[in-house]
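> Protein sequences, first through last, are from chains C and Y.
End of the first sequence sits at 224 in my numbering; the numbers just go up one at a time, nothing left out.
End of the second sequence sits at 551 in my numbering; the numbers just go up one at a time, nothing left out.
The set of hints was computed from the structure by calculation and includes no laboratory data.
Hints should not be assumed to be uniformly reliable.
For lysine-lysine, the following DSSO-like pairs were computed, each having C-alpha atoms within a straight-line distance of at most 30 Å [as the list claims (entries may be wrong)]:
#1 Y:485 with C:151
#2 Y:390 with Y:404
#3 Y:390 with C:151
#4 Y:390 with Y:485
#5 C:177 with Y:390
#6 Y:551 with Y:431
#7 Y:413 with Y:374
#8 C:215 with Y:476
#9 Y:374 with Y:339
#10 C:209 with Y:390
#11 C:209 with Y:476
#12 Y:476 with Y:374
#13 Y:551 with C:215
#14 Y:470 with Y:551
#15 Y:404 with C:177
#16 Y:404 with C:151
To list a few chain C residues with every Cβ distance to chain Y over 12 Å, as calculated [as the list claims (entries may be wrong)]:
#17 197
#18 198
#19 199
#20 200
#21 201
#22 204
#23 205
Just so we're clear, the structure is a prediction, and the values are computed from it rather than from any experiment.
Every residue, glycine too, gets a C-beta built ideally from N, C-alpha and C.
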Amino acid sequence: MSTGLKSEEYRETRRELDGWPINITSYRVGDKWYCSIDNVSPGARFARAEGSTREEADTTALVKAARYLKQTRRYPTTS
Amino acid sequence: MTTTIAVPDVLVSTDWVAEHHGDSNVRVVEVDVDTAAYDQGHVTNAVGWNWTTELCDTVVRDIVPKAKLEDLLGRAGITPETTIVLYGDNNNWFAAWAFWQLKIYGHRDVRIMNGGRKKWLAEGRELDTTAAKPAAATYKAKDPDMSLRSFLPEVQSTYKRSDTVLVDVRSPQEFTGEILSPPGLPETCQRGGHIPGAKSIPWAKACNDDGTFKSREDLLALYGAQGVTPDKNVIAYCRIGERSSHTWFVLKHLLGFSNVKNYDGSWTEWGNLVGAPVEK
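Starting from the given sequences, assemble the full structure and let the hints guide the process.
As structure tokens, this is what we get:
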């Protein structure tokens, strides 16, 4: 039996946020938009949001992503 | 020792899943990093497993206990004869984690949907937002096969040996100690760096942009270039053991290496251990 639902308008974009590369993935299922953000390397999804438009979902996820990334510290790599 | 023949049946395509998700002998299971993803929409008839509560011991740090796994599988309508098809987000990180544990407990036919949730969504395939409720079954697991798993004492006693190679599958920045956790995630260790002598081969190098696994030839070249060859005892590790289960799957089941273990204690164990040697 078909549910009639599918992912639509799937899109992935890459950009930098606070000096970190990120992938932004968003798509629509029915009338809801979903956005998830991963950190490219290693590729872990660490922020997500939903909204009634792509922009709303993306913006909300980006705000969360920026907050989480600010907590990531860089350390010296020499022993 | 030569490379044995890989086992092609462990990978299924999104087309195959679209055709077979309703088969009575097939149970599709979604396992995501983001445990809310299943509710947004999943493969019809797929059940969702939560890796944080259902695929581990929630009291002691350990893999899922046998009785708990039997209950989980039974509630999913799975018997020892069922073909289990796993998929998930992040290119199947936790699908591989589930695969590894199912093999530890001896389930015969486990497969991974090539490309995972990412490919299913990108292809605009049908989604269901209703949680599947299969008829319960009785499942009796085999005793755990710990030859697939490495513990700290083994890593400590073998990491310097020439017949053993450790594969650190984290990002280059985690490997060098520049960061203590993937960007955006909480720090979970006291020291950064890697186990001395480990080879840095990030898990993602095994995948194409669409989330599918690279060809056998490309994979052999990738690992072979770092000395990860079938004649070696290979131990993969990452931060908590899920990314390394992905690499374990590649080496053991796509390339057919005979001696591959997942060190699930990984960097959260080694990087917190007093006195453990660390390279940067």
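> For every hint, state whether the structure bears it out.
The hints, checked one at a time:
no. : hint             : in the structure
1   : Y:485 with C:151 : holds, 27 Å
2   : Y:390 with Y:404 : holds, 25 Å
3   : Y:390 with C:151 : holds, 13 Å
4   : Y:390 with Y:485 : holds, 14 Å
5   : C:177 with Y:390 : holds, 19 Å
6   : Y:551 with Y:431 : holds, 16 Å
7   : Y:413 with Y:374 : holds, 10 Å
8   : C:215 with Y:476 : holds, 27 Å
9   : Y:374 with Y:339 : holds, 15 Å
10  : C:209 with Y:390 : holds, 25 Å
11  : C:209 with Y:476 : holds, 28 Å
12  : Y:476 with Y:374 : holds, 24 Å
13  : Y:551 with C:215 : holds, 23 Å
14  : Y:470 with Y:551 : holds, 12 Å
15  : Y:404 with C:177 : holds, 24 Å
16  : Y:404 with C:151 : holds, 20 Å
17  : 197              : holds, 15 Å
18  : 198              : holds, 16 Å
19  : 199              : holds, 14 Å
20  : 200              : holds, 18 Å
21  : 201              : holds, 15 Å
22  : 204              : holds, 17 Å
23  : 205              : holds, 14 Å
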